[in-house]
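A.B. asks: In terms of UniProt numbering, the sequence shown opens at residue 1 and continues consecutively.
Because the hints were derived from the structure by calculation, they are not lab data. All C-beta atoms in this analysis are idealised placements derived from N, C-alpha and C, irrespective of residue type, glycine included. Do not rely on the hints blindly, as some may be mistaken.
Using C-beta positions, here's what the derived DEER-type ranges look like [stated by the list, open to error]:
| no. | residue 1 | residue 2 | range |
| --- | --- | --- | --- |
| 1 | Glu93 | Glu282 | 23 to 31 Å |
| 2 | Arg59 | Val229 | 23 to 31 Å |
| 3 | Pro286 | Ala165 | 36 to 44 Å |
| 4 | Leu246 | Glu283 | 24 to 32 Å |
| 5 | Thr172 | Ser2 | 37 to 45 Å |
| 6 | Glu52 | Glu153 | 26 to 34 Å |
| 7 | Gln248 | Ile113 | 45 to 53 Å |
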Amino acid sequence: MSERVVLACSAGSDALRRLAGRAEVVAVVVDPGRGGDWEALRRRALAGGAVEAVLADARDELTDRYCLPALRANALRSASALVAPLVAEHVVEAARRHGATTVAHDRAGADRIRFEAGVAALAPGLAVVAVAPADDPAGHPPVGRIEPGDPDELVLTFDRGTPVAIDGETVTMPQAVRELNRRAGVSGVGRLTGVRAFDTPGASALTTAHHQLEDVTLEPDLLRFKRRVERRWGALVHDGLWFSPLKQALDSFIDTTQQHVSGEVRLVLHGGRAVVTGRRGEEPLPDPGLGAGRPRRLPDKIAAT
Numbered sequence: 001m002s003e004r005v006v007l008a009c010s011a012g013s014d015a016l017r018r019l020a021g022r023a024e025v026v027a028v029v030v031d032p033g034r035g036g037d038w039e040a041l042r043r044r045a046l047a048g049g050a051v052e053a054v055l056a057d058a059r060d061e062l063t064d065r066y067c068l069p070a071l072r073a074n075a076l077r078s079a080s081a082l083v084a085p086l087v088a089e090h091v092v093e094a095a096r097r098h099g100a101t102t103v104a105h106d107r108a109g110a111d112r113i114r115f116e117a118g119v120a121a122l123a124p125g126l127a128v129v130a131v132a133p134a135d136d137p138a139g140h141p142p143v144g145r146i147e148p149g150d151p152d153e154l155v156l157t158f159d160r161g162t163p164v165a166i167d168g169e170t171v172t173m174p175q176a177v178r179e180l181n182r183r184a185g186v187s188g189v190g191r192l193t194g195v196r197a198f199d200t201p202g203a204s205a206l207t208t209a210h211h212q213l214e215d216v217t218l219e220p221d222l223l224r225f226k227r228r229v230e231r232r233w234g235a236l237v238h239d240g241l242w243f244s245p246l247k248q249a250l251d252s253f254i255d256t257t258q259q260h261v262s263g264e265v266r267l268v269l270h271g272g273r274a275v276v277t278g279r280r281g282e283e284p285l286p287d288p289g290l291g292a293g294r295p296r297r298l299p300d301k302i303a304a305t
């Protein structure tokens, strides 16, 4: 009987075709937000030589379990680093379910390091094999077109560090990300360029708003220390240590601080920027001189909302 290997891949990847002749391959396709025809993905994976295809729609999981902690750490701008540990979780689960002792993948660069670190943390006994990728076989989401126009003004409501409403309309975290991807994306907010182009409009707008709200809801000494924690948290995630004990401990600290981060932030989206024009915290910060609570002074415009 051939060895059974779980492969993290896109359904039509070159890695799947190369492995299929040497092992029983269970293809795991995790969708963090691109969307697509699931039945077509399954057919392509099986046609490529997989004995079974495991398809996971992880869009809401990515936002709820990965993006929200990153937002609270004000590190959501680096959202690309969150996908690798998410995929690692699904691949390890599939390996256990299908009795595989080896995990294969076609990632490269920092993404490879993060994925392999995630697998090692979750299942140290699994062997990990990197299959050299062809030239970008999976492709990347197209970068959206910037449509110059009038500034888009909106009010974000946060409850304990979580976005819960946009312009008074209740939203979940996944809904907030999707809506801000749409509204901020057309203004070019969150566009990052490097080796390849990425768009993170919703992540960038949310992080800007959350960061500014903390300035008027957290005690100054707590805020200063949290900013130090955020830098360490971001470095851990960047290095692929999402599942590390230190990162989990920092999560606990950050979650405690978020009990105070409730209020509203007014944003203007235009010309590639998300600019805060007003903010209001639900709980007044104490006046260090008087020892009593008082609300921060806010622009009249948001105070009227």
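A.B. asks: All the hints need checking, so say for each whether the structure fits it.
C.D. replies: How the hints compare with the structure:
no.	hint	verdict
1	Glu93 to Glu282: 23 to 31 Å	violated (39 Å)
2	Arg59 to Val229: 23 to 31 Å	holds (28 Å)
3	Pro286 to Ala165: 36 to 44 Å	violated (27 Å)
4	Leu246 to Glu283: 24 to 32 Å	holds (30 Å)
5	Thr172 to Ser2: 37 to 45 Å	holds (43 Å)
6	Glu52 to Glu153: 26 to 34 Å	violated (50 Å)
7	Gln248 to Ile113: 45 to 53 Å	violated (19 Å)
Hints 1, 3, 6, 7 from the earlier list are contradicted by this structure; the remaining hints agree with it.
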